[in-house]
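Colleague: Based on the hints, put chain P in the right spot on chain S.
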Amino acid sequence: MVQIALVSCGTEYSGIQKEIEKAALKFGAEIILPEIDLDYINEAYEKFGFSAQSSSLKLMIARAMSIVEGKCKPDAVFIATCFRCAEGALVRNEVRRFIQNNTRIPVVTYSFTERTKADELFIRMEALATTVTRRSILAREKQEGLTLGLDSGSTTTKAVLMENNKVIGTGWTSTKDIIASAQTAAAEAFEGTGYKWDDVEGIGTTGYGRFTMGQEFGAELIQEELSVNAKGAVYLADCQKGEATVLDIGGMDNKVITVNNGIPDNFTMGGICAGASGRFLDMTSRRLDVDITELGPLAVQGDWRKAMLNSYCIVFGIQDLVTTLAAGGSKADVAAAACHSVSEQVYEQQLQEIDIREPLIQVGGTSLISGLVEAVSETLGGIEVIVPEYSQHIGAVGAALLVSGMGNRH
Amino acid sequence: MVKVAIYPPNSLILADLIERKGHTPLALQKQIRQKIKDPEIDSPPMNITEEDPINGLKYAAIEVPSGVRGRMSIIGPLIDAAEAAIIVDGAPFGFGCVGCARTNELSIFCLRKKDIPVLEVVYPDDEDGTRLMVNQIMDFLDSLPGGGGDLEGDSDVLGEPIANKGGK
Numbered sequence: 001m002v003q004i005a006l007v008s009c010g011t012e013y014s015g016i017q018k019e020i021e022k023a024a025l026k027f028g029a030e031i032i033l034p035e036i037d038l039d040y041i042n043e044a045y046e047k048f049g050f051s052a053q054s055s056s057l058k059l060m061i062a063r064a065m066s067i068v069e070g071k072c073k074p075d076a077v078f079i080a081t082c083f084r085c086a087e088g089a090l091v092r093n094e095v096r097r098f099i100q101n102n103t104r105i106p107v108v109t110y111s112f113t114e115r116t117k118a119d120e121l122f123i124r125m126e127a128l129a130t131t132v133t134r135r136s137i138l139a140r141e142k143q144e145g146l147t148l149g150l151d152s153g154s155t156t157t158k159a160v161l162m163e164n165n166k167v168i169g170t171g172w173t174s175t176k177d178i179i180a181s182a183q184t185a186a187a188e189a190f191e192g193t194g195y196k197w198d199d200v201e202g203i204g205t206t207g208y209g210r211f212t213m214g215q216e217f218g219a220e221l222i223q224e225e226l227s228v229n230a231k232g233a234v235y236l237a238d239c240q241k242g243e244a245t246v247l248d249i250g251g252m253d254n255k256v257i258t259v260n261n262g263i264p265d266n267f268t269m270g271g272i273c274a275g276a277s278g279r280f281l282d283m284t285s286r287r288l289d290v291d292i293t294e295l296g297p298l299a300v301q302g303d304w305r306k307a308m309l310n311s312y313c314i315v316f317g318i319q320d321l322v323t324t325l326a327a328g329g330s331k332a333d334v335a336a337a338a339c340h341s342v343s344e345q346v347y348e349q350q351l352q353e354i355d356i357r358e359p360l361i362q363v364g365g366t367s368l369i370s371g372l373v374e375a376v377s378e379t380l381g382g383i384e385v386i387v388p389e390y391s392q393h394i395g396a397v398g399a400a401l402l403v404s405g406m407g408n409r410h
Numbered sequence: 001m002v003k004v005a006i007y008p009p010n011s012l013i014l015a016d017l018i019e020r021k022g023h024t025p026l027a028l029q030k031q032i033r034q035k036i037k038d039p040e041i042d043s044p045p046m047n048i049t050e051e052d053p054i055n056g057l058k059y060a061a062i063e064v065p066s067g068v069r070g071r072m073s074i075i076g077p078l079i080d081a082a083e084a085a086i087i088v089d090g091a092p093f094g095f096g097c098v099g100c101a102r103t104n105e106l107s108i109f110c111l112r113k114k115d116i117p118v119l120e121v122v123y124p125d126d127e128d129g130t131r132l133m134v135n136q137i138m139d140f141l142d143s144l145p146g147g148g149g150d151l152e153g154d155s156d157v158l159g160e161p162i163a164n165k166g167g168k
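Going line by line, the protein sequences match chains S and P. FYI, this note's numbering numbers position 308 of the first sequence as 308, with every residue one higher than the one before it. FYI, this note's numbering numbers position 150 of the second sequence as 150, with every residue one higher than the one before it.
Bound conformation, chain S alone (with noise of 0.2 Å):
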């Protein structure tokens, strides 16, 4: 069974601490806490050397410790600390630094409240208790035979059909009905390839409909969207060596992960707010009354600083908008602060949360918006981000990628 090392503060006192065993259990994985005694704890606090007032926190600190100097042995690490608690931010970021820096455990952070639930922590526990499992399997660099990638996101869906290392056929259709938009996704994907169903050796699902599609189609794999998204962004931009930062802006939640030899080793999941996400900018393209597909480029000729925005929120933050077109400003600069809006918001909830590593991947349906990407790496510093062909499916991708091998329907 995986072990995971919960590091934390105030879970027990949240009511929380069964929620995360509960989805721990889920995916075959159990929580442990590191063992440690009372002297232990003044050591390895002394030794870390951040003064943090709270024991609970000095308690975490040691069992960081304890298990970067080998004295407790689990698989991952999973650190949470209560939502808005700033000295517990301030530890929580701390001790997943010291974690990756000094060991190769896979480790995952998390802030919670008292509404935490397990079914919110299950794609995080997931993604660890794969990143353990499934080593071998996210190492795949290739693509063999035919297979099919479906991703049921919360906006799209999308299907991939790939045949030898290459992507032969994509279909993408809004998400209504989980097996039916799979089936119109799948099918478009099948159009004019010459291929059906019954010829695909292997299907992998991924996305919020993974375990329906994966239960009716017969999936040989099913998989969170955090590591089959950061296989497939490593594999479409070629940095399967190396280490690389995956970013999804997606139509409800926002993924980060970073990425060793195709491998995720942290990542950060957000969708507390509807602001900083890809549905910001649906809704704001429709105020616009211009296609979603044109927002990226008026984006790019506007200036974000010449519209008022004052809000992150998509109710006030699209009333800025509609305020700013009334009193004559240009689409362009509306469209420019939808979307650095989006960027700083992401940067400031999620993105500081990882150490990004260079280069940037940017994936997801939201990566075909330039301006978006073009303020990503303005937030960022100008770095340089990449938008791979078939960003848009990256899902489906990842999904067809690490299902290759795995099938055995001839």
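Any given hint could be a false lead.
To be verified - For lysine-lysine, the following DSS-like pairs were computed, each having C-alpha atoms within a straight-line distance of at most 27 Å: (1) S:Lys71 - S:Lys47; (2) S:Lys241 - S:Lys166; (3) S:Lys166 - S:Lys142; (4) S:Lys73 - S:Lys47; (5) P:Lys30 - S:Lys18; (6) S:Lys18 - S:Lys73; (7) S:Lys142 - S:Lys241; (8) S:Lys22 - P:Lys35; (9) P:Lys58 - P:Lys113; (10) S:Lys18 - P:Lys58; (11) S:Lys18 - P:Lys37; (12) P:Lys37 - P:Lys3; (13) S:Lys22 - S:Lys71; (14) P:Lys58 - P:Lys114; (15) P:Lys30 - P:Lys58; (16) S:Lys117 - P:Lys35; (17) P:Lys30 - P:Lys114; (18) S:Lys117 - S:Lys18; (19) S:Lys117 - P:Lys58; (20) P:Lys37 - P:Lys58; (21) P:Lys113 - P:Lys3; (22) P:Lys58 - P:Lys35; (23) S:Lys73 - S:Lys26; (24) S:Lys18 - P:Lys35; (25) S:Lys117 - S:Lys176; (26) S:Lys22 - P:Lys37; (27) S:Lys117 - P:Lys37.
Said to hold, decoys possible - Covered by chain P, according to a simulated footprint, are these stretches of chain S (three or more residues, beta-carbon under 8 Å): (28) 7-15; (29) 50-56; (30) 84-95; (31) 109-123.
Hints listed in this document are in silico derivations from the structure and should not be mistaken for laboratory results. Ideal placement from N, C-alpha and C gives every residue a C-beta, glycine not left out.
Modeller: Below, chain P alone, put in the same frame as chain S:
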């Protein structure tokens, strides 16, 4: 006899001293034990559920982290019930702690602003200081209504007969 709140609220030593003097210690363990014994709830390790941090809103606003509110949902009623309080500042882990500096700040403030007798002592770092602290606590407990229980022949936390101590 009065109900005496203690800080740290899970200090066994403080609770014991208070009991010896015939008062009622308001200790965290009792509250937690009640929660754990509740067969209706299955949320280990302490049976704190989502409802508890919400109940903690009585003591701290929604912007305060859930861990603080969860703790306050248990400590807060003890503070409400307190008729006197003993606060030991700077105590190490082993003496008792709730793990969160913000909870400590809020709890101690709530105790201070209550119109009740409060004794504040700093955790000692040597044996003499320890004796002094214990004597201060004993004198404080004696000064409370119904205090001054006869502990002749009983021994203090350091194993010395209380009657022999210089402070008495």
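Colleague: It remains to establish, for every hint, whether it holds in the given structure.
Modeller: Here is how each hint holds up against the structure:
no., hint, result
1, S:Lys71 - S:Lys47, "holds, 15 Å"
2, S:Lys241 - S:Lys166, "holds, 19 Å"
3, S:Lys166 - S:Lys142, "holds, 9 Å"
4, S:Lys73 - S:Lys47, "holds, 20 Å"
5, P:Lys30 - S:Lys18, "holds, 22 Å"
6, S:Lys18 - S:Lys73, "holds, 22 Å"
7, S:Lys142 - S:Lys241, "holds, 13 Å"
8, S:Lys22 - P:Lys35, "holds, 20 Å"
9, P:Lys58 - P:Lys113, "holds, 16 Å"
10, S:Lys18 - P:Lys58, "holds, 25 Å"
11, S:Lys18 - P:Lys37, "holds, 17 Å"
12, P:Lys37 - P:Lys3, "holds, 23 Å"
13, S:Lys22 - S:Lys71, "holds, 26 Å"
14, P:Lys58 - P:Lys114, "holds, 16 Å"
15, P:Lys30 - P:Lys58, "holds, 21 Å"
16, S:Lys117 - P:Lys35, "holds, 21 Å"
17, P:Lys30 - P:Lys114, "holds, 22 Å"
18, S:Lys117 - S:Lys18, "holds, 9 Å"
19, S:Lys117 - P:Lys58, "holds, 23 Å"
20, P:Lys37 - P:Lys58, "holds, 24 Å"
21, P:Lys113 - P:Lys3, "holds, 17 Å"
22, P:Lys58 - P:Lys35, "holds, 19 Å"
23, S:Lys73 - S:Lys26, "holds, 21 Å"
24, S:Lys18 - P:Lys35, "holds, 15 Å"
25, S:Lys117 - S:Lys176, "holds, 25 Å"
26, S:Lys22 - P:Lys37, "holds, 21 Å"
27, S:Lys117 - P:Lys37, "holds, 23 Å"
28, 7-15, "holds (count 7)"
29, 50-56, "holds (count 5)"
30, 84-95, "holds (count 4)"
31, 109-123, "holds (count 4)"
The structure agrees with every numbered hint stated previously.
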